[in-house]
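> Letter by letter, the chains look like this.
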Amino acid sequence: MVRLFIDNKEIEAEAGTPLLQVCLSNDIYVPNLCYLEGTKPQASCRLCFVEIEGEDRPVTSCTVEVRDNMVVKTDTEAVRRLQRTALRFLLSTHHVKCKECPANKKCELQRLAKFLKVGLRPKNLDRHLKETETDKSHPVFNYYPNRCILCGRCIHACKREHGKALLTFAKRGIDTVISFYGEEDMSRLPGEKCIACVEVCPVKAITLK
Amino acid sequence: MDEEILTEEALILNDIRSHLTTFEKERGNLIPILQMIQEKHAYIPREAIKLVAEYLEIPVCEVYGVATFYNQFRFHPPGKYPIKVCLGTACHVRSGDIILENFERKLEIKEGETTPDREFSIERVACVGCCALAPVAIVGETVHGHMAPSKVEGLLLRIRIEKEKQEREKLTISGNN
Chain A
0 MVRLFIDNKE IEAEAGTPLL QVCLSNDIYV PNLCYLEGTK PQASCRLCFV EIEGEDRPVT
60 SCTVEVRDNM VVKTDTEAVR RLQRTALRFL LSTHHVKCKE CPANKKCELQ RLAKFLKVGL
120 RPKNLDRHLK ETETDKSHPV FNYYPNRCIL CGRCIHACKR EHGKALLTFA KRGIDTVISF
180 YGEEDMSRLP GEKCIACVEV CPVKAITLK
Chain B
0 MDEEILTEEA LILNDIRSHL TTFEKERGNL IPILQMIQEK HAYIPREAIK LVAEYLEIPV
60 CEVYGVATFY NQFRFHPPGK YPIKVCLGTA CHVRSGDIIL ENFERKLEIK EGETTPDREF
120 SIERVACVGC CALAPVAIVG ETVHGHMAPS KVEGLLLRIR IEKEKQEREK LTISGNN
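The listed protein sequences correspond, in order, to chains A and B.
All letters in the first sequence, in the order written, are residues 0 to 208 by numbering that gives the first Met the number 0.
All letters in the second sequence, in the order written, are residues 0 to 176 by numbering that gives the first Met the number 0.
Please keep in mind that the hints were generated in silico from the structure rather than gathered at the bench.
Only a predicted model underlies this, so the values are computations on that prediction, with no experimental measurement involved.
Below are the DSS-like pairs computed for lysine-lysine, each with C-alpha atoms no more than 27 Å apart in a straight line:
#1 Lys-49(B) / Lys-192(A)
#2 Lys-203(A) / Lys-122(A)
#3 Lys-129(A) / Lys-83(B)
#4 Lys-109(B) / Lys-170(A)
#5 Lys-49(B) / Lys-158(A)
#6 Lys-170(A) / Lys-24(B)
#7 Lys-162(B) / Lys-109(B)
#8 Lys-83(B) / Lys-170(A)
With the sequences and hints as input, model every part of the structure.
The structure is reproduced here in structure tokens:
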């Protein structure tokens, strides 16, 4: 066990636990999208920044393991600025049609926007949407590229469940999408009724047909 | 024509199958294998992605993910007349993207694709070394400088007419025999 201070609160935690996990289980909310308990942290959403005493810049809390006498601040101006910028970028490639979206009111992006006081339609940023609105190639799932924030939780959840991922990132850069390519054949799917990828998606970019 | 394409594809797959065995079954060989296929056949057929996945015993989507990440891999066979539209700095400034768009619209395919009859394919390239002629397009081996949207249709039409002429000549020759 180690003892550390998060926002002036004294907290005990198991050594080796990711800092983000410790914050969350002690009711200190740190914005995050891509973190998935039990999988290797990706630090790809760039939201879970915190400041740690002794470090000269904010760090992603999912990739830091707790140490004894760590002093952590989760609510500094530098941290919030980074988080707001990251969220604005995510929203600039997101099709904000909340009323038609099944994630409405259960959406992590909405929750984050409220928490960080960021408008859902950020000004000053061009909106980049993909041409395909819905990818219906899979027999069980639909995929919505313009909802997807590419956090990769579905991929890691799938890998966690089956030992190998049956979906993947395809293409790259601004064109990156999640793809089920080649895994459409139902008879090949391990555990036909597995919907882990649907369950972990924070924005309902993968839904059941 | 369709049958021709099918037998050609079957030959390609057989060739790939026989070359796969020269690679050890390691995930690290994925990119070298894809490069081998691209080098030998100028594109990676969809079926080949499955073959590679089966050989390396990894999910098909994983192979697809890697192959689509790198620009060096193509998924469509080059057409008989490959069209390369330059989008280097000079051509970009002279609206090369509009030329590309025009080709895409006229041929009803996207950049990186091939027409179903395998006559034309479109590719974007970065600088072909004749910036003074910007915007530039290369059809087959011929460089076309000072391209304009209005020239695109004429260019394609000329190729099609020439092709028809050749076919007619072929017919008359075989008719004479």
